[in-house]
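Please take these sequences and the hints and turn them into a complete structure.
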Amino acid sequence: MANGISRPMRVTLVGVIIVIDGLLGVLLGVLGIFNLNDSIGAGIWGVIVSLIVGIIYLLVAKGIFDGNRISRLIVAILTVINLLKGVSYLFAGREILVNGLIDIIIALIILYLLYGGKARLFFASA
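Following this note's numbering, the numbering of the sequence shown begins with 242 at its first residue and continues without gaps.
Rather than coming from a laboratory, the hints here were simulated on the basis of the structure. Source: prediction; values computed, not measured. Be a bit skeptical, because a hint or two may be false.
Label-pair ranges, simulated between beta-carbon atoms [unchecked claim]:
id : residue 1 : residue 2 : range
1  : Ile346    : Leu300    : 17 to 25 Å
2  : Leu314    : Leu265    : 37 to 45 Å
3  : Arg310    : Ile285    : 14 to 22 Å
4  : Ile311    : Ile346    : 20 to 28 Å
Using 25 Å as the maximum straight-line C-alpha spacing, the simulated SDA-like pairs for lysine to any residue come out as follows [to be verified]:
id : residue 1 : residue 2
5  : Lys359    : Ile289
6  : Lys303    : Gly334
7  : Lys303    : Val339
8  : Lys303    : Val290
9  : Lys359    : Ile315
10 : Lys359    : Val321
11 : Lys359    : Leu254
12 : Lys303    : Ile315
13 : Lys303    : Val328
14 : Lys303    : Ile289
15 : Lys359    : Val290
16 : Lys303    : Ser329
17 : Lys303    : Ile337
18 : Lys303    : Leu354
19 : Lys359    : Pro249
20 : Lys359    : Leu349
21 : Lys303    : Tyr356
22 : Lys303    : Leu265
23 : Lys303    : Ile293
24 : Lys303    : Leu268
25 : Lys303    : Lys359
26 : Lys303    : Ile345
27 : Lys303    : Leu324
28 : Lys303    : Arg251
29 : Lys303    : Val260
30 : Lys303    : Ile347
31 : Lys303    : Leu254
32 : Lys359    : Ile293
33 : Lys359    : Ile346
34 : Lys303    : Pro249
35 : Lys303    : Arg361
36 : Lys303    : Ile258
37 : Lys303    : Leu338
38 : Lys359    : Asn309
39 : Lys303    : Ile322
Don't be surprised by glycine CBs; every beta carbon is placed ideally from N, CA and C.
Printed below as a string of structure tokens:
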């Protein structure tokens with residue numbers, strides 16, 4: 242609760258999405274490291290970004306649940322980075338096209354939920 246304002250369902254949903262996305266990012270990043278086949282390129286950068294974003298998402302998730310504005314800003318920045326990574330996947334090859342679309346959809350949902358409606362008031366009151 243941020244200064245007496247109860248946490249909106251949207252913020253709870255964002256927190257849950259961030260935890261799940263963080264866990265998946267770490268898992269897929271670690272698995273991706275073992276599946277690179279010694280090639281450098283878009284694949285390795287995607288793995289690195291997924292791993293870093295996943296770790297940071299997990300570190301700031303509690304702040305999202307508590308209404309911390311710095312956590313929200315960090316999540317927004319990382320979500321935009323994830324969005325850009327998803328867009329780059331659209332041009333990297335057919336085999337990761339679906340990954341790019343999923344990254345884009347999740348990023349847009351997180352940003353919408355994080356900055357819309359009552360979520361804005363919740364973070365402003367913190």
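Checked hints:
no., hint, in the structure
1, Ile346 with Leu300: 17 to 25 Å, "holds (24 Å)"
2, Leu314 with Leu265: 37 to 45 Å, "violated (22 Å)"
3, Arg310 with Ile285: 14 to 22 Å, "violated (33 Å)"
4, Ile311 with Ile346: 20 to 28 Å, "holds (26 Å)"
5, Lys359 with Ile289, "violated (34 Å)"
6, Lys303 with Gly334, "violated (36 Å)"
7, Lys303 with Val339, "violated (30 Å)"
8, Lys303 with Val290, "holds (21 Å)"
9, Lys359 with Ile315, "holds (19 Å)"
10, Lys359 with Val321, "holds (21 Å)"
11, Lys359 with Leu254, "holds (13 Å)"
12, Lys303 with Ile315, "holds (12 Å)"
13, Lys303 with Val328, "violated (28 Å)"
14, Lys303 with Ile289, "holds (23 Å)"
15, Lys359 with Val290, "violated (30 Å)"
16, Lys303 with Ser329, "violated (30 Å)"
17, Lys303 with Ile337, "violated (31 Å)"
18, Lys303 with Leu354, "holds (16 Å)"
19, Lys359 with Pro249, "holds (6 Å)"
20, Lys359 with Leu349, "holds (17 Å)"
21, Lys303 with Tyr356, "holds (17 Å)"
22, Lys303 with Leu265, "holds (17 Å)"
23, Lys303 with Ile293, "holds (17 Å)"
24, Lys303 with Leu268, "holds (20 Å)"
25, Lys303 with Lys359, "holds (18 Å)"
26, Lys303 with Ile345, "holds (23 Å)"
27, Lys303 with Leu324, "holds (22 Å)"
28, Lys303 with Arg251, "holds (15 Å)"
29, Lys303 with Val260, "holds (9 Å)"
30, Lys303 with Ile347, "holds (19 Å)"
31, Lys303 with Leu254, "holds (13 Å)"
32, Lys359 with Ile293, "violated (29 Å)"
33, Lys359 with Ile346, "holds (21 Å)"
34, Lys303 with Pro249, "holds (15 Å)"
35, Lys303 with Arg361, "holds (17 Å)"
36, Lys303 with Ile258, "holds (12 Å)"
37, Lys303 with Leu338, "violated (32 Å)"
38, Lys359 with Asn309, "holds (14 Å)"
39, Lys303 with Ile322, "holds (21 Å)"
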